[in-house]
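Please model the complete structure; the sequences and the hints are all you need to start from.
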Amino acid sequence: MLDISKIREQFPILSRKVNGHDLIYFDNGATTQKPQSVITAESNYYKNENSNVHRGVHFLSGLATDKFEATRNTIQNFINAEHSHEIIFTKGTTDSINIVASGYRSILNKGDEIIISELEHHSNIVPWQMCCEQSGATLKVIPLLDNGSLDMIAFENFLSENTKLVSVSHISNTLGTINPIEEIIEKAQAVGAKVMIDGAQAAAHIPINMQSLGADFYCFSAHKLYGPTGVGVLYGKEEVLNELPPYQGGGEMIKEVSFKKTTYACLPHKFEAGTPNIAGVVAFKSAIDFINGLGLSNIAKHEEKLLQYATEEVLKIEGLKIYGTAKNKSGIISFNINKLHPYDIGMIVDKMGIAIRTGHHCTQPIMERFNIPGTARISLAVYNTKDEIDVCIKAIKKAKMMLS
Amino acid sequence: MSTIQKIQAEIVEDFGMFDDWMQKYEYLIDLGKDLAPIKEQYKTEDNLIKGCQSRVWLHAKHTDGKIIFTADSDAIMTKGIVAILINVLSNQSPKDIATAKLDFINEIGLKEQLSPTRANGLVSMIKKMKLYAIAFNN
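Those protein sequences? They're chains A and B, same order as listed. Our numbering applies: residue 2 is where the first sequence begins, and numbers increase by one. Our numbering applies: residue 699 is where the second sequence begins, and numbers increase by one.
Be a bit skeptical, because a hint or two may be false.
Claimed, not checked - Mimicking EDC-like on lysine to aspartate or glutamate, the simulated pairs with C-alpha atoms at most 20 Å apart in a straight line are:
hint, chain 1, residue 1, chain 2, residue 2
1, A, Lys-401, B, Asp-732
2, A, Lys-395, B, Glu-711
3, B, Lys-722, B, Glu-711
4, A, Lys-18, B, Asp-718
5, A, Lys-340, B, Glu-738
6, A, Lys-317, A, Asp-388
7, A, Lys-188, A, Asp-290
8, A, Lys-399, B, Glu-724
9, A, Lys-18, B, Glu-810
10, A, Lys-398, B, Glu-724
Simulated from the structure, these hints should not be mistaken for lab results. Treat the numbers as computed from the prediction; the structure is a model and nothing was measured.
This is how it looks when you write it as structure tokens:
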């Protein structure tokens, strides 16, 4: 059992007031708050360790490089990747997807097919549309069922020898659906396709294991894992990353440069052109240490209990409808109340210190699928409590009363 | 004092009566509910201002040297502010609209609602109202 009040003490922002009320932060799907250890690591890096990585012979450069690479090893263990050079540091999930999609522009040809799904975040849609536009490949979209889960029969019907890549999210940021990625990976790889999993909403909430999962690519952002913004991970199997053309040219990513021919560096540097967000990467390790200290399965258990409680309680509000009722669900509740606009609900609960997300959550196709302008969304993290849910529900009821 | 300034002063006075945000929001909701409806035929894609959070429709008609604005929004709080803007700027001359200063928005404590980061379509709405005024003034 986790001691949530002890955990909350580690997050300075959770003791601040918003509009005169205690902050209740339910927008964790957008970004999580940061524990003191992460904040300290980032500032300590600039105070005591700052230097460029992989370049100098001097003391500080060595120290910064060691710290930077220590995070890579920590991530490797965190997701159980076979090699540390399969971990590429990026700017975030969006960047990670773009690296792969950009590489596939020159790999794919007319007649090839990419499969994504209807519940993807725009960042797992648009890069593939751009990739198809330039390569002549075709984009196929797995439709959603009414409960917010994927139509797996349609997915299987899409699969053929033309399928070159499947890119789906592990967990939907809008609906909370945990997709059956094991099955997707197995079936896609059986026809020779590569599989990319967008793990932005998963990595901080459920344990992930690259070697047992077998995904070709997996990506996530540090800032949704209690870490800093501007840092992300692209995991790729060694042989798959070796085949993927580099994304950006520049320093660090080269072996030899001449005007006749430039050769590229080995993994992971081939995909890490330019000076990275070193402070962010260094502090990211503290975020993973924080998660490991609690244990991801403990976090998952706590969030599951909260989800169950919150779901039961919000459903007591008359006229409230939850979007995303798949059996296998993560701590995200998207809802609307009668014909009330989610923006109005969000504005009113904000005045009571409660941060929820409203709008289309960068998933306009989902909104179109359910024919709604948007939803209000509660998304949970390890520091959230039952009491906060109770206060939030009172606030939602008040908003409903004011707006009806 | 121009008519636009007079109306603004009245709105500031109205909002001055409220002690807390709840009363203010309830008033906005009422204003939204009372806003004269826009004709269905004007709720077109051309008249739509897409915000990330809420949508606003704005129609302008130039008659007898004045611009008549009608508008709507899918969110009621946004619609309340739309109603205030219509109250201030509709039925005025293009010149007055184009040069109108809308300082009252800060004074009634709704500045945050009109920040571009809110993405509720209101900033674009004001811009569009002014552009209509400039166009009709020429």
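Do the hints match the structure? See the list:
Taking the CA atoms of Lys-401 of chain A and Asp-732 of chain B, the gap is about 19 Å. The hint holds against a cut of 20 Å. Only pairs whose Cα atoms come within 20 Å are accepted, and Lys-395 of chain A paired with Glu-711 of chain B is rejected, the gap being roughly 32 Å. Restraint check for Lys-722 of chain B and Glu-711 of chain B: the C-alpha separation of about 12 Å stays at or below 20 Å, so the hint holds. Between Lys-18 of chain A and Asp-718 of chain B the CA atoms are separated by roughly 17 Å; this keeps the pair inside 20 Å, and the hint holds.
This hinted pair checks out: Lys-340 of chain A and Glu-738 of chain B have alpha carbons roughly 19 Å apart, not beyond 20 Å. The hinted pair formed by Lys-317 of chain A and Asp-388 of chain A meets the criterion: a straight-line CA distance of about 16 Å does not exceed 20 Å. Taken as a hint, the Lys-188 of chain A and Asp-290 of chain A pair is broken in the structure, with Cα atoms around 34 Å apart against an allowance of 20 Å. Restraint check: the Cα-Cα separation between Lys-399 of chain A and Glu-724 of chain B comes to about 11 Å, which is no more than 20 Å; the hinted pair holds.
With a C-alpha separation of about 18 Å, the suggested pair Lys-18 of chain A and Glu-810 of chain B falls inside the 20 Å cut-off, and the hint holds. The hinted pair formed by Lys-398 of chain A and Glu-724 of chain B meets the criterion: a straight-line CA distance of about 15 Å does not exceed 20 Å.
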